[in-house]
Amino acid sequence: MGAIATTRQAAIAVEEDAQYLTFMLGTEMFAIGILCIKEIIEYGNLTVVPMMPAFVRGVINLRGAVVPVVDLSARFGRQNSAITRRSCVVIIEASTEDGHAQDIGLLVDTVSAVLEIPASQIEPPPSFGAKIRADFISGMAKVDGKFVIVLEVDRVLSIDEMSQLAQASPTALEVETQ
Amino acid sequence: MSINLDQAQQTFIVEAREQLQAMEESLLQLESDPGDDDAIGAIFRAAHTIKGSAGLFGLEPIVSFTHIVEDVLDRLRNGSVEVDAGLIAVLLKSSDHMLELINVVANQGAKLAPPALAREMELCQILQEYQTPSPVQAPKAAEASDPQAPAETRLWHIVLRFGPEVFRNGMDPLSFLRYLQTLGEIIHITTLTDAMPSAETWDAESCYLGFDIEFSSAAGHGAINEVFDFVREDCQIQIVAIDDPVPPMNTGLVATFQEQDDPNTAMVTTGQLMPDQRSAARMPAQVTPDKQPATSDGKAKDGAYVRVNADKLDELINLVGELVIASAGASLLARHCNDDSLQESTSTVSGLVEEILDGALRLRMIPIGETFNRFRRVVRDVSQELGKDIDLIISGAETELDKTVVEKIGDPLMHLLRNAMDHGIETAEARLAAGKPAKGHLHLNAYHDSGSIVLEIADDGAGLNRDRILEKAQERGLVAPGASPSDQEIYNLIFEPGFSTAQAVTNLSGRGVGMDVVKRNITLLRGTVDLDSQPGQGTVVRIRLPLTLAIINGFLVGIGQSTYVIPLDMVQECIELSEDDGVCSREQGYLDLRGEVLPLVYLRDHFNHEGPASRRQNVVVVRYAELKAGLVVDDLLGEFQTVIKPLGKLFGALRGISGSTILGSGAVALILDVPALLTQIAQTDNRYTTPPLQQATVR
Chain P
1 MGAIATTRQA AIAVEEDAQY LTFMLGTEMF AIGILCIKEI IEYGNLTVVP MMPAFVRGVI
61 NLRGAVVPVV DLSARFGRQN SAITRRSCVV IIEASTEDGH AQDIGLLVDT VSAVLEIPAS
121 QIEPPPSFGA KIRADFISGM AKVDGKFVIV LEVDRVLSID EMSQLAQASP TALEVETQ
Chain F
1 MSINLDQAQQ TFIVEAREQL QAMEESLLQL ESDPGDDDAI GAIFRAAHTI KGSAGLFGLE
61 PIVSFTHIVE DVLDRLRNGS VEVDAGLIAV LLKSSDHMLE LINVVANQGA KLAPPALARE
121 MELCQILQEY QTPSPVQAPK AAEASDPQAP AETRLWHIVL RFGPEVFRNG MDPLSFLRYL
181 QTLGEIIHIT TLTDAMPSAE TWDAESCYLG FDIEFSSAAG HGAINEVFDF VREDCQIQIV
241 AIDDPVPPMN TGLVATFQEQ DDPNTAMVTT GQLMPDQRSA ARMPAQVTPD KQPATSDGKA
301 KDGAYVRVNA DKLDELINLV GELVIASAGA SLLARHCNDD SLQESTSTVS GLVEEILDGA
361 LRLRMIPIGE TFNRFRRVVR DVSQELGKDI DLIISGAETE LDKTVVEKIG DPLMHLLRNA
421 MDHGIETAEA RLAAGKPAKG HLHLNAYHDS GSIVLEIADD GAGLNRDRIL EKAQERGLVA
481 PGASPSDQEI YNLIFEPGFS TAQAVTNLSG RGVGMDVVKR NITLLRGTVD LDSQPGQGTV
541 VRIRLPLTLA IINGFLVGIG QSTYVIPLDM VQECIELSED DGVCSREQGY LDLRGEVLPL
601 VYLRDHFNHE GPASRRQNVV VVRYAELKAG LVVDDLLGEF QTVIKPLGKL FGALRGISGS
661 TILGSGAVAL ILDVPALLTQ IAQTDNRYTT PPLQQATVR
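First to last, the sequence lines map onto chains P and F.
Count the first sequence with the UniProt record's numbering and you get residues 1 to 178, in order.
Count the second sequence with the UniProt record's numbering and you get residues 1 to 699, in order.
Think of the hints as simulated: they come from the structure by calculation, not from any bench.
Owing to the predicted nature of the structure, the values given are computational and were not obtained by experimental measurement.
Glycine included, C-beta positions come from ideal geometry on N, C-alpha and C.
Possibly wrong hints are sitting among the right ones.
[Claimed, not checked] Computed beta-carbon distance windows for the label pairs:
hint: 1; chain 1: F; residue 1: 96; chain 2: P; residue 2: 96; range: 54 to 60 Å
hint: 2; chain 1: P; residue 1: 36; chain 2: F; residue 2: 363; range: 33 to 39 Å
hint: 3; chain 1: P; residue 1: 44; chain 2: F; residue 2: 610; range: 30 to 36 Å
[To be verified] Quick look at which bits of chain F chain P covers, simulated, 3 or more residues with Cβ under 8 Å:
hint: 4; stretch: 115-122
hint: 5; stretch: 428-434
hint: 6; stretch: 605-611
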């Protein structure tokens, strides 16, 4: 156990002074490493794709490319985010397990800031108690005396897992019976 | 230089494959018309080019094998060997073997597998029977490995002046010298540097060098001359035997030399001062008219075609797709602005953009003929295997369609052809007994028809056995007992999985896997296949394919705020659903369409769209195969030609939607996958309706 913790710390130490984008989901603050983020756009002009699980909000036209938008709140098993004036879509480059990159939009309530968080300020994730799946959390960062959950983007936006969930979703009737 | 050579080798592999393809075609042509000198010439040239370029890269196995083939071909060209079925067969096998050798090079493999080597030995033996037993041939065959055949060895003087473009054309002068050494020994070589310019004007990519070579070889003038085939166009080459000059031939040399003064013509100087037995057959005067048309053909081809990476093309087409969408958006805005001149200019732009789109798509179009020609060989081999005499007639080979479609249609076509030959066309005896000519005919045809391409495979065989199919289908429960399907419906049953009426499984077909795969592959290409058969007259299989996979002709419909695209070729008609009708049909779930029952699909419910339906709804009647249904939508928005965007892996499990597209407004519209949608609904309906029925019967 101790060995695992030290390797993790060592791994974090390598990316010292990494930058993170913080954003709000309801009243909770989250952070994502900035390297996988391509851009942030205003929410709008979304086309709903029917028969998909609730966390897939739909698709948007990103300068000619059709990009799916994932509702992060719903992905955590909570209510769908309510759309407000401050709703944003964070475009992230996710990769499938076979190595193909795909852009995915992440619907969040408010984008806060880009912060430089020293590795020493990031704690390993708790094994339970964070109210979201433990494997979604990469670490707990301390910002202004409060904890911010740093997300493990590869897990949260795992295309393979999400498409499996889409298959199992009750609205995809045909697949269910096969 | 080595990187360059690698690239050149790739080109060699590609070209050699093309040459072999051409060689095979000409061989088949020769088989049907043994007196065709053009075909013989083409075969010889193909083999010769392969040998020559393989020599440049030092690919010894290809050179040595091709050399034997070329020898036989040379004799064929001289008329000392007659064309017969055995020769054609062995030459076809040789071309297969050459392809194998080239594949070994392409895969960077070192050696052939032992069975292939055994095959090579066998082929060589057969080929040698066609080679002349005369003594002239013997040293020639051995010349590459055995340069000191003393009786024949002579001294040649070779003056080489490479043109400035040699490097740019991908040639390495050194490789020619290396290849020359396989023919004999370079006794003395002087590098001519007098053309070298001063340092200021010196261009590193140009070749300024020339060589003076004293060359001792047993090979004749023609053989040495051939070494330089690939640089002949822009180089000056003089090959003179220096033993004992003969004056009359010398004047001939001067005459040809004077012609070279024009810098635009090919700079070839050929001199033959010492006639010997071998070169007598290849006097320059004879070689020149023979070669010249070939090189000019090749040149015309180079000018007419540019090799482009397919990815670059796809990128371009993608961009043009964006352009179409962007220009549609611009015209939409212009219409809102009420500015006449702005509207005019945007409409000009969209007109041009549409032309660019057409042009860009046409870039991807290639004629189907190449695929068709591949089947000549298949038909020949299979018909021999089956002991049937079958002729393949090809028409519409110039019909063009998308490259991706052409690549993917090969296998299904092959399957259909094999099927037609195995099951369709009867044996010669059976044909004669039925009062038909003994020779069976297969007709492969392609033509354009209203925005799609139709491929037809027709045979004049026995036709399908309607009753047997029906019997089999009832046995397998595909047709309800007592039902009376139409002939057309029965024939199309053979596309069902696992359906075969053949009594015996042959190694060609009959296993019942195949026709369903054919159908599935064609459906994947957004095509359809259907079949028509006349007992005793034959069977026609018609494959209808879209011209391109990138663009779809769609019909836009609106449900609430969302827009969906229905592929236009599935749409049969649109009808308005009045309020009264709407209420009534909503309860029934079907509509009375001119006396026909039309099941309705409420897309709003099916796709779980929230909000109330509009008061006036419309029904789009779609048809796919035997399924016909009415899709109930809110608005009809008209036709729209659109670029398909795949939805990505995340939506892989989504049934009923095949992709998406971007509208002029910038919004994304989803494309309905009508076949999947209808099948899905049919299945769910069955699930809800069948169980109660079963319960009723149990009780």
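Quick rundown of the hints versus the structure:
1. In this structure the supplied range 54 to 60 Å is violated for residue 96 of chain F paired with residue 96 of chain P, their Cβ-Cβ distance being about 40 Å.
2. For residue 36 of chain P and residue 363 of chain F, the Cβ-Cβ distance of about 36 Å falls inside the hinted range of 33 to 39 Å, so the restraint holds.
3. Against the hinted window of 30 to 36 Å, the Cβ-Cβ separation of residue 44 of chain P and residue 610 of chain F comes to about 19 Å, which falls outside the hint.
4. Taking a C-beta to C-beta cut-off of 8 Å, the stretch 115-122 of chain F contributes 0 residues in contact with chain P, too few for the three needed, and the coverage statement is violated.
5. Counting residues of the stretch 428-434 of chain F whose CB lies closer than 8 Å to any CB of chain P gives 0, so the stated coverage by that chain is violated, three being the minimum.
6. A count of 4 residues in the stretch 605-611 of chain F with a Cβ less than 8 Å from any Cβ of chain P is obtained; the coverage claim is therefore met, three being the minimum.
Of the hints listed earlier, those the structure fails to meet are numbers 1, 3, 4, 5, in rising order.
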